[in-house]
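Engineer: So the sequence lines, in the order shown, correspond to chains C and Z. Those letters in the first sequence? Residues 1 to 910, per the working numbering, in order. Those letters in the second sequence? Residues 1 to 567, per the working numbering, in order.
Heads up, some of the hints might be wrong.
Cβ-Cβ distance ranges computed for the label pairs, FRET-style [claimed, not checked]:
id, chain 1, residue 1, chain 2, residue 2, range
1, Z, 333, C, 846, 28 to 34 angstroms
2, C, 122, Z, 313, 49 to 55 angstroms
3, Z, 405, C, 66, 19 to 25 angstroms
4, C, 478, Z, 156, 43 to 49 angstroms
5, Z, 333, C, 670, 41 to 47 angstroms
6, C, 80, Z, 434, 43 to 49 angstroms
7, C, 20, Z, 501, 40 to 46 angstroms
8, C, 26, Z, 313, 21 to 27 angstroms
If you're looking for bench data, these hints aren't it; they were derived computationally from the structure. For glycine and all other residues, C-beta sits at the position ideal for the given N, C-alpha and C.
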Amino acid sequence: MTTEEKRKIETLTIKVDGKLIPAKPGQTVIQAAQDAGIYIPYLCYHPGMDPYGACRMCVVETEVNGRKMIQASCTTPVSNEMIVSSDSSEIKDLRKGIMDLLMSEHPHGCLTCHRIELCGPQDVCQRHVSVTDRCTTCPKNERCELKDTIRDTEMDLTTPLTYNRRQLPIHGDDPFYDRDYNLCIVCVRCVRVCDEVRFDNAITLKSRSGVAIVGTSQGTSLLESGCEFCGACIDVCPTGALVERNYKWEKATKKTKSICSNCPVGCQLIMESNEQEKSIRMIGDYSGESNAGQTCFRGKFGNDYVNFRNIKYPKIKEGDSQNKSNWEEVNFLISKKINDFKPSEIAILNSPRSTNEDFFVSQKFARLVLKTNNVDSTNKDQILKYFSKSFKYPGGTGTILDLENSDNVIIISGNPTEQQNVVSVFAKKAARNGANIIVIDPRETEMTRYSNKWIKNIPHSQSNLISAISKSIFDQGIEDKDFLKNHGEHIDDFKTSLWDFDLEKIKSEFNIKPDLVVDLAKIIAGGSTSFLLGVDGLNDSQSSELVRSVINLATITGNLFKKGSGVFPLYKGANLQGSLDLGHSPNLLPGFRNIENKKDVDFLNKYWDSDLSTEKGMDYEEIIKAIEDKKIKALFVMNDAFAEDLMKKEVLDSISKLEFLVVGTSNKNSLSVLADVVIPIANFPEREGTMTNLERRVQLSPKAHKSNTDYKSVWEFYSNLAQTIGFDDFNYESSKAVFDEIREIVKEYEGIDYKNLSDSGKKWEFSTKKVTLLPVKYLSKNQLENDNKGLLLLHGRVLSQAQHEVEIIKGNQKNVISKDNIIKMHPNDVQNLNLKEGDLINIANGSSFSLDGKLEIDKELEGTIRYTSLFAEMITDFSESREDWAPTIPDLEFKTLRVKKINRSNNVKR
Amino acid sequence: MSEVFNKLVSKVKSQDFDEEILIRVGYGASGQAAGSIKVYDWLTNNFKSKGEIRLVGALGLSYLEPIVDIKIKGKPRVLFSNVDVEKIQKITDEYINNQNYLKEYAFAQILQDGEELLDNIPELKNFVPFKYQKRIATRNFGEINPESFDEYILTGGYKSLDKALNSLTPENVLEEVKNSGLRGRGGAAFSTGIKWSFLAGNNAPIKYVLCNCEEGDPGAFNDKGILENDPHTLLEGLIIAGYATKSSHGHIFIRQGHNIPIENARKAVKDAYDNGLLGKNILNSGFDFEVEVSLTGDSYVAGEETALMEAIEGKRSMPRFRPPFPAQAGLWGKPSNINNVKTLSYVPWIIENGANEFKKIGTEKSSGTAIICLSGHINNKGMYEIPFGITIKDLLEKVGGGSSTGKGIKLLQTGGPLGGVLGKEAFDVVMDFEEMAKAGAILGSGGIIVGDQNVDVVDLIRNLVAFNQFESCGKCFPCRLGNTHMLDILDRACNEKSIKGDLDVVKKIGENMKVGSLCGHGQLGYNPISSALKFFDQEFIDKMTTFTIRDEKSKIPKMILPTRTRP
Ligand SMILES: Cc1cc2nc3c(=O)[nH]c(=O)nc-3n(C[C@H](O)[C@H](O)[C@H](O)COP(=O)(O)O)c2cc1C
Ligand code: SF4
Ligand code: SF4
Ligand code: SF4
Ligand code: FES
């Protein structure tokens, strides 16, 4: 069959309302019609979910082989030469009849009023619609799908049925959103999205007949029902029943496609803004290729800080106060001041939320203007750098949406549900499709609840297990030989290094059973496997060992560069990938060039007509240390107010002693108050720029808000400054111009057309698909024990703990979660401390962590303390955190603790 | 007979015994409700030493329960009706001790070869209403202990299974069922053979045949009846269905709360496994088949085929949309077939006696019998297996014995709450799927509730609609809200609060539900009203358009509606 013929078979033709349109087999009638731009009304259907067939608003008449039927178009598959009539009077009457019914339980005084388009909230109602029933007082007014459907059905102005208001209470005591089921039409979209897409089942359809309604199964708050506050249900709700509480009544005057910069997934969101140029709502973009409409509590509710700008103009410190200034003064001052320092005494730091253009121009500024290589992002996460040793690129492989096609998903030392949420959504989807979910992590995280294998290795022995699996794969002869031949390099060295991984030795030292290793080897070699790889709680050498062992394993099993596979790096900074791609790193130059490689340096010198310093630069941690050691005397920090390491008191102390500090931010913070120069930096809605996510997708975040004030992007600030100093090469008229230069320097970005990015972004590809199989090292128990002293806290967090009594103590503004804390320890550890089951104990680590709870003894993981907290506790804190900066969420850190017995708990309430 | 089966039968036979006195106590749900437990207890305490006492299923003559059947060797079985502890003492004293069979208590006798007829008591086969029956699916009712595998074997049970498995191909069996003209007894009356052929044509390795014993219709108790009185007949039919459709698994799906059927079905399945009639290589034929008994919670709609599948999968029992149809993707996404209890219970007889014998019974398009449950204002309340073709009038007068209140019969409510009502004009119609549907009410699963002249039709319909409203699963809008409003309006009518135009609104809602609803529950929800309007429109018009205030006494008592009908 020729492809042409195939294509013919693959597209059918149907006739809708007299118009011939193409359709794909398997498509439903409504999908085919929508693709062809024909509107068929619908309420329960949503493109992101399976059809449901409940509202019956989408009814059409179909005719196949002369047989006529009235069917729901959202559930009826197309067949060739089907004749569909969606607007006959019979169909219209039927819809009207159903809408009549629906109106009888939805406030509709306004919906059936001829003045509906004219009426405003303050108008005197001539129809005596009570205030609570008016559309103008509904939070979804103007963006309500129901209203659109009613317009289409051409409802009569009266309905013969008696209206019945449900008189249900409004649920307003959860964080972030209000539920008013008086407005609910029971389309069940919310329940379906929570179940089908998010797999949380926090809400359900309750009761039946006329009283059927959605909600939490026991009528509790969402905090108790296992909700992750992803907002997916709000986004799909067609009515005002589910709405975000913040800016609830605000009308959007503008919608902009935007990219979330709270984590490296880079969710595509639709940002709604009001007349005052405030960002009022974030809505998952169902056409987004990085997230397919999903987002998380941070994307949905964690971007409000952009509305709280309090740095509005440049400021210069004079004496003890920072006084209003202007850009000329600031540029003049800085350009003069930098001459006071040697290149090695100056450093530039940028938040990982910065754009690619920011990173590019600021490293160029550092290297060309300041002649220093002390440039980095404020992120200690080194995971991507370890990737570059095996892949030649600091980047992972794989596509987020493709995770659902995996046969196995292996999650190692990371907590994607909280830190890279949307990644976990598609991992859970794989689980639902029948994939094996294997969690290798001793902490109880949400993904352990989906896992069919949870391997609770002591935290630092992960790489041993992984390499042992590799060994077993070779032993069983089940490696992917073809793949290795095409993509693997230095196989022999790697194989030799595996000799150290004796299964019996591993068993005796780490209690990892040989059977398990053999089993895992079979599973991984037996199907497409995706690795979600983090390095939580590991030190440098352990991390690099783990990364290389996982990449090796993926390579020998052929689990790279194909459907349903890949190694996904679980780092935290949103645009860390971009910062490395563009050389915003001490020793990495743009385009993955190395400062130690003469050819690389020459290339850039020729391009920029420059003379780059090849003196090794300092990274973030080294810079902090050098500040304390007074080796760094001048510092630029941009876009950051939550680099925890900078915010430590000791560090702030030494920063305050710097000779020159420039801070760029939108909001005042403990760092900016120390600055000699404070400059107003544009927040993401106020600037345009690209970011690169963890699947290497370059995405464009356009400028959404105009402002009269002169905020600048980081790149604009540095380019203006450079020009003031006399570097003409920094003359960019737009972020596109910066990007065009990037494309010339970074080969991998060459094929990315800035103009086309606004749809779904574009992934850059590895130019070579060769993997260096680095030799691996066995980490012996002794070595590890020397690294860790004391009892190690394995802090977990899950959405729902059915076994716990949870009490929500309602406060005026804030709810507090109170629950029994269960702290688990090994009998041997308990013996030394003279404790027994049921004792009330306190576990603490200096002043940074303290928790009381009841001791439970179980025979797992000697040397550790295990405690699992509830997501609801974190989300209540999150919702209460400062409104003027993007809230961060606490890592599930590994800490060493001391334990003591107490008589009475001081913190029953956390 | 295959060798394996032969062995099984002779093993059972060798255990059979021959008692001097055998007393059967009717222990079906109707018997139990009427007090047969007390009678049985009394007998076991006082009579155990003198004879064998057995619990057996119900005969179907519910109005005569508790029924005790006493067999003295050499004499016909004598059946006593409405027995209580006092009566049983007398009966045992007089009959067993003194050979006096107390004809005032005895209502029928069953004669076996060589036995002499007792005077003054009719033979059961001539006893009205029993005599109008042709017992196929209910042939063992009152004869055997439903919990006894052995007794079932002794009455010829599982012979058809052996025949099907060991001397017929699946295609033969399917052909036979097709030719018999057997149609589904669950409501829609679809040809069983054709339905099976959809599944048989699918080559998937795992396929399900499901048996539906949700039976939530008020006034219907024949599915429960079969499981209460003779569960093996159903099981045999189910296994044969599995064989004919080349399926691998079967489920008997029973509504929670139908306790006797659940226990009996579980026991029957266990006994069948223990005797090699389920599991691997059944009767050495190479056919493997597994059966499980599944339960659902309290939901009428769970009886709808796709909702039933959702329930088995552990989900809320709400109907799925079609396509895909069950034969393409049913339970767990695998091809499935679903049949009613009664439908499957005919199958063993059809295989044993052949399609032609079955076809001979009944009318041209409705072959075989209908298992009718008579209740309401009628004398002979009970369950009767009557060949199709009898007129409604005969059914009421002859089988039913006429109105129990002496006020004359005004209407029948048939086909459950989604069925309808038939008025006097329709009493000449013959019982047949098509004829009854034409007359305005479907036969459905065989429940018939009789109403006398005093019945207020509007109130009766309000009751049915209230049931439908309460049971609507809540998924699709037309049914969830349509039923709610129809009930509201009927409620108004019964409380003399009708509003102008109410009748038209009901009609419009009903028509919309018919075409617009997702499943049969909503699609058929208007039936009670539309059929009632056909026969009794004046009553509706009176109530809903003339707003006369009637005197207090004739006012209809407030109906007890399900606690909440709206949030
Ligand atoms: C609301 C509703 C309830 C039903 N309840 C039952 C039931 O209780 N028992 C039953 O056998 N069929 C019931 N049915 C019919 C089944 O969907 C199905 O048609 C039947 O079980 C098929 O079996 P049959 O072909 O043997 O009749 C119901 C249908 C609907 C729409
Ligand atoms: S916000 Fe909560 S209830 Fe809504 S979809 Fe997400 S997890 Fe489910
Ligand atoms: S809350 Fe919204 S999405 Fe959920 S059922 Fe009601 S109307 Fe539909
Ligand atoms: S018709 Fe009624 S019972 Fe059937 S799906 Fe719709 S709401 Fe549920
Ligand atoms: S959109 Fe098709 S039934 Fe709701």
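Engineer: State for each hint whether it applies.
Structural biologist: Okay, the hints, checked on the actual structure:
1. Checked against the hint of 28 to 34 angstroms, the pair residue 333 of chain Z and residue 846 of chain C fails, with Cβ atoms roughly 55 angstroms apart.
2. Distance hint check: the CB atoms of residue 122 of chain C and residue 313 of chain Z are about 53 angstroms apart, consistent with the given range 49 to 55 angstroms.
3. Checked against the hint of 19 to 25 angstroms, the C-beta distance between residue 405 of chain Z and residue 66 of chain C comes to roughly 53 angstroms, which is inconsistent with it.
4. In this structure the hint that residue 478 of chain C and residue 156 of chain Z lie 43 to 49 angstroms apart at CB is violated, the actual value being about 58 angstroms.
5. Hint check: residue 333 of chain Z to residue 670 of chain C, Cβ distance near 58 angstroms, so the stated range 41 to 47 angstroms is violated.
6. Our hint of 43 to 49 angstroms for residue 80 of chain C and residue 434 of chain Z is violated, since their Cβ atoms are close to 35 angstroms apart.
7. In this structure, residue 20 of chain C and residue 501 of chain Z meet the distance hint of 40 to 46 angstroms, their C-beta atoms being roughly 43 angstroms apart.
8. Taken as a hint, the range 21 to 27 angstroms holds for the pair residue 26 of chain C and residue 313 of chain Z, whose Cβ atoms sit roughly 23 angstroms apart.
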